Amino acid sequence: MKNNMFNILKKELREMFRDKKSLSMMLIIPIFIPLLVIGMSALFESEINMPVTDYNTIGFDYELTDVEKNIIEELEINAVIDTVENLGEQLESGEIDLYVTKENNVYTINGDDSDTTTYASNLAESYFNAYKNYLQREYLVSHNVLSDEVLNIIVLEENITVEENYFASYIISYAFFFIIMAITVSATYPATDATAGEKERGTLETLLTFPIKSKDIIIGKFLSVSFSSMITGLLSLILTVISLKIANHMFTIYEGINLMLSLSSLIFAVIVIIAYSFLISGLCIAIASKSKSFKEAQSALTPLTFISFFPSMIIFMMGITTTNLYALIPFINYTLIFTDITSGIINYTHILLMLSSTIIIIAVVLKIIIKEYKSEKVLFG
Amino acid sequence: MLKAENIKKKFVKLTKKKERIEFYANNGISVEAHDGEIIGILGPNGAGKTTFLRIIAGILEPTSGTVTFDELNYHDNETEIKKNIAYLSGNTKIYNTLSCYELLHMCADIYGVEKKDAEARILEISKTLDMDTFLYNRIGSLSTGQTQRVNIARCLIHNPKYYILDEATSGLDIISSQIILNFIKNEKKKGKTILYSTHYMEEAENICDKVIMINKGVIIDEGTPEKIKKDTKTTNLRDAFFKLIEGDNYEE
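Here the protein sequences come in this chain order: A and B.
Using this note's numbering, the first residue of the first sequence is number 1, and each one after it goes up by one.
Using this note's numbering, the first residue of the second sequence is number 1, and each one after it goes up by one.
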């Protein structure tokens with residue numbers, strides 16, 4: 001009798017591990033993370049390291065001078081001379097990446113919305129800058145003006161720190177954010193099944209005739225859903241670290257980035273996963289238990305899924321950093337602190353505030369559901 | 001002793017026009033059941049039998065009235081009372097993903113049956129109810145009759161003092177129904193108290209010591225089957241019931 005909470009937990013886990021849908025939600029979602037990491041890495045790598053021969057075929061509808069030919073050669077441009085009509089057709093068929101037309105001293109760059117046109121356009125701009133520079137210099141010399149003094153009347157230097165591995169950092173942050181998303185998605189199915197599903201199948205009435213306190217029923221169910229979410233979260237973390245390691249070996253965009261999480265970072269990452277799993281499981285159970293059917297519960301949980309994604313996504317895109325206030329706000333705090341931890345920043349105050357806020361929310365949510373299960377409304381409300 | 005006094009249960013129904021209609025599913029039902037008694041709760045569908053038995057089983061709360069088991073009430077002794085009762089309805093659903101053995105073990109744990117006794121009890125019940133061939137099968141793979149036998153086994157596992165059976169034979173074939181009726185008779189012999197609702201009047205006549213006839217949430221007659229037949233000058237409970245509700249526009 002004393003272990004009724006454990007009996008419910010055991011029953012829920014048994015049902016969960018025997019249900020194909022619950023199992024697949026728990027185990028398949030994390031598999032998407034390596035696909036995401038490798039896929040995004042490959043995409044960014046191909047964008048960054050696109051060879052010049054992929055976008056250097058530029059058409060001209062006029063004859064080029066020797067000077068122009070020299071610049072073209074220097075910039076490795078593959079020039080195609082033809083009529084406007086033919087060049088238009090060649091652009092459409094992808095034989096050239098863009099073409100230039102000329103009327104007096106007005107040059108027009110013509111292209112489409114393809115990636116290669118964008119790259120070729122940059123190349124064409126470099127070409128015209130070089131050519132314009134040559135013409136300006138020639139003009140000044142012919143008028144006995146010191147061309148260097150005019151052309152370099154001001155000197156512009158750049159001292160901007162450029163993050164060389166911008167894309168890599170982007171992928172890493174997204175991969176860890178995806179862990180939070182995976183936990184959310186993973187919690188919804190077992191939470192629905194354990195509450196609204198049990199109601200729909202008619203077994204809740206049987207359960208309520210047993211000498212079990214509502215507290216034991218709810219805590220047993222809550223722990224089983226949390227356990228499922230934690231498995232998803234931990235599996236996602238392991239697969240994220242492994243896939244980033246593999247990506248590091250496969251792609252040059254990760255050069256210079258240290259992907260090795262310290263032991264303390266790993267421990268705190270696991271703490272965040274556990275805390276978030278508890279919170280999302282509690283919320284999912286609270287919402288799903290108010291629904292009469294599985295379908296109704298799934299619809300009711302959809303807004304929660306969005307609420308859990310969007311604030312985190314927005315702060316992530318805006319580059320907001322963790323403060324004590326943010327560390328208290330659910331959903332935002334997990335993403336921010338998780339990102340901090342995986343970047344090697346461990347702020348104990350923030351982690352403590354996050355844990356305190358989580359405990360308070362879970363306690364309130366569980367109290368509400370326990371009260372609901374004490375009433376007949378849970379079955380006939 | 002089980003005692004239900006003046007049980008009233010009000011429900012609120014919303015019409016299509018969103019109007020609230022209040023009605024009493026039970027309107028002042030009282031029952032007293034002593035050890036070794038089988039009390040039949042009879043009435044047509046919608047009479048309020050299920051609501052009444054759900055209140056007795058602690059699934060529903062009465063709007064007014066009291067339910068006591070050996071002078072203990074649900075308000076103060078819910079867990080204690082539930083340890084001594086078993087509730088079974090024709091619609092009782094059990095966990096399809098568990099095997100019969102796992103379910104019975106879980107119930108034994110929940111009801112606090114000692115581990116060493118639980119194993120022996122499961123095997124004994126399995127033998128009594130002829131469940132040996134499917135004891136380790138998942139409940140989801142069983143027939144309706146087999147599932148209902150598992151349900152009976154679940155009720156027996158903790159050796160309860162009170163049985164609340166709501167149309168437990170409804171929809172079952174003749175063999176499965178007989179197994180349940182035999183089970184009821186056996187438990188009576190052991191001194192157990194049984195509340196048994198059914199709309200099969202002949203079934204009730206055969207096994208009940210006392211019958212309570214309910215219609216539209218109120219008791220229309222009560223007593224031994226013989227007394228009711230005598231009161232209504234009929235030869236069976238079925239005719240007695242129709243005589244009692246004469247003028248209520250029921251069609252036979």
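Among the clues, some could well be false.
[As the list claims (entries may be wrong)] Selected chain B positions facing chain A (in silico; Cβ < 10 Å):
id, residue
1, GLU78
2, ILE110
3, ALA120
4, ARG121
5, LEU123
6, ASN151
7, ILE164
8, SER170
9, LEU172
[To be verified] In silico DSS-like cross-links for lysine-lysine, where the CA-CA straight-line distance does not exceed 25 Å:
id, chain 1, residue 1, chain 2, residue 2
10, B, LYS93, A, LYS20
11, B, LYS8, A, LYS374
12, A, LYS377, B, LYS17
13, A, LYS377, B, LYS115
14, A, LYS213, B, LYS83
15, B, LYS189, A, LYS290
16, B, LYS192, B, LYS3
17, A, LYS10, B, LYS83
18, B, LYS8, B, LYS216
19, B, LYS190, B, LYS229
20, A, LYS10, B, LYS93
21, B, LYS8, A, LYS215
22, A, LYS374, B, LYS116
23, B, LYS233, A, LYS374
24, B, LYS13, A, LYS292
25, B, LYS13, B, LYS192
26, B, LYS8, A, LYS295
27, B, LYS10, A, LYS371
28, B, LYS189, A, LYS377
29, B, LYS216, B, LYS229
30, A, LYS374, B, LYS216
31, B, LYS8, A, LYS371
32, B, LYS93, A, LYS21
33, A, LYS377, B, LYS229
34, A, LYS290, B, LYS227
35, A, LYS377, B, LYS116
36, A, LYS374, B, LYS115
37, A, LYS213, B, LYS216
38, B, LYS83, A, LYS215
39, B, LYS17, A, LYS292
40, A, LYS213, B, LYS3
Hints in this document: simulated from the structure, not taken from any laboratory.
Computed from a predicted structure; not experimentally measured.
For every residue, glycine included, the Cβ atom is placed at its ideal position computed from N, Cα and C.
Hint check results:
Satisfaction of the interface hint for B/GLU78 is found here, the shortest Cβ-Cβ separation to chain A being roughly 8 Å, below the 10 Å cut-off. For B/ILE110, the suggested interface contact is upheld, since its CB lies about 5 Å from the closest CB of chain A, less than 10 Å. A least Cβ separation of about 19 Å between B/ALA120 and chain A goes past the 10 Å threshold, and the interface hint is therefore violated. At its closest, the beta carbon of B/ARG121 sits 16 Å from a beta carbon of chain A; the interface hint therefore is violated under the 10 Å criterion.
Interface restraint check: B/LEU123 against chain A, minimum CB-CB distance 21 Å, threshold 10 Å, status violated. Annotation: interface hint on B/ASN151 holds; nearest CB of chain A at approximately 9 Å, less than 10 Å. Interface restraint check: B/ILE164 against chain A, minimum CB-CB distance 8 Å, threshold 10 Å, status holds. Interface restraint check for B/SER170: the shortest CB-CB distance to chain A comes to about 14 Å, outside 10 Å, so the restraint is violated.
For B/LEU172, the shortest C-beta to C-beta distance to chain A is roughly 17 Å, which exceeds 10 Å, and the interface hint is violated. Only pairs whose Cα atoms come within 25 Å are accepted, and B/LYS93 paired with A/LYS20 is accepted, the gap being roughly 21 Å. The suggested pairing of B/LYS8 with A/LYS374 holds, with an alpha-carbon distance near 20 Å, which does not exceed 25 Å. Of the pairs offered as hints, the one joining A/LYS377 and B/LYS17 holds, with about 23 Å between alpha carbons and a cut-off of 25 Å not exceeded.
With a CA separation close to 35 Å, the supplied pair A/LYS377 and B/LYS115 exceeds the 25 Å bound. The straight-line distance between the Cα atoms of A/LYS213 and B/LYS83 is roughly 12 Å, inside the 25 Å bound, and the hint therefore holds. A distance of roughly 43 Å separates the Cα atoms of B/LYS189 and A/LYS290; the hinted pair therefore is violated under the 25 Å criterion. Simply put, B/LYS192 and B/LYS3 have alpha-carbon atoms about 15 Å apart, close enough for the 25 Å limit, and the pair holds.
For the hint linking A/LYS10 to B/LYS83, the alpha-carbon distance of about 20 Å falls within 25 Å, and the restraint holds. Between B/LYS8 and B/LYS216 the alpha-carbon distance is near 12 Å, which keeps this suggested pair within the 25 Å criterion. Distance restraint check for B/LYS190 and B/LYS229: the Cα-Cα separation of roughly 28 Å exceeds the 25 Å cut-off, and the hinted pair is therefore not satisfied. Distance hint between A/LYS10 and B/LYS93 is fulfilled; the C-alpha atoms sit about 19 Å from each other, no more than 25 Å.
Distance check on the hinted pair: B/LYS8 and A/LYS215 sit about 28 Å apart at the alpha-carbon level, beyond 25 Å; violated. Between A/LYS374 and B/LYS116, the direct Cα distance comes to roughly 32 Å. Violation of the 25 Å bound is thereby established for this hinted pair. Among the hinted pairs, B/LYS233 with A/LYS374 is inconsistent with the structure: their alpha-carbon atoms are about 47 Å apart, more than 25 Å. Note on B/LYS13 and A/LYS292: the hinted pairing holds, with a Cα-Cα distance of about 17 Å set against a maximum of 25 Å.
Restraint check for B/LYS13 and B/LYS192: the C-alpha separation of about 37 Å exceeds 25 Å, so the hint is violated. Taken as a hint, the B/LYS8 and A/LYS295 pair is broken in the structure, with Cα atoms around 34 Å apart against an allowance of 25 Å. Between B/LYS10 and A/LYS371 the CA atoms are separated by roughly 21 Å; this keeps the pair inside 25 Å, and the hint holds. Restraint check for B/LYS189 and A/LYS377: the C-alpha separation of about 37 Å exceeds 25 Å, so the hint is violated.
The hinted pair formed by B/LYS216 and B/LYS229 meets the criterion: a straight-line CA distance of about 21 Å does not exceed 25 Å. Between A/LYS374 and B/LYS216 the CA atoms are separated by roughly 28 Å; this puts the pair beyond 25 Å, and the hint is violated. Distance restraint check for B/LYS8 and A/LYS371: the Cα-Cα separation of roughly 23 Å lies within the 25 Å cut-off, and the hinted pair is therefore satisfied. Simply put, B/LYS93 and A/LYS21 have alpha-carbon atoms about 21 Å apart, close enough for the 25 Å limit, and the pair holds.
A distance of roughly 40 Å separates the Cα atoms of A/LYS377 and B/LYS229; the hinted pair therefore is violated under the 25 Å criterion. Restraint check for A/LYS290 and B/LYS227: the C-alpha separation of about 48 Å exceeds 25 Å, so the hint is violated. Note on A/LYS377 and B/LYS116: the hinted pairing is violated, with a Cα-Cα distance of about 38 Å set against a maximum of 25 Å. Among the hinted pairs, A/LYS374 with B/LYS115 is inconsistent with the structure: their alpha-carbon atoms are about 29 Å apart, more than 25 Å.
Between A/LYS213 and B/LYS216, the direct Cα distance comes to roughly 33 Å. Violation of the 25 Å bound is thereby established for this hinted pair. The straight-line distance between the Cα atoms of B/LYS83 and A/LYS215 is roughly 17 Å, inside the 25 Å bound, and the hint therefore holds. Using a Cα cut-off of 25 Å, the hinted pair B/LYS17 and A/LYS292 holds, with the two alpha carbons roughly 22 Å apart. With a C-alpha separation of about 23 Å, the suggested pairing of A/LYS213 with B/LYS3 holds against the 25 Å cut-off.
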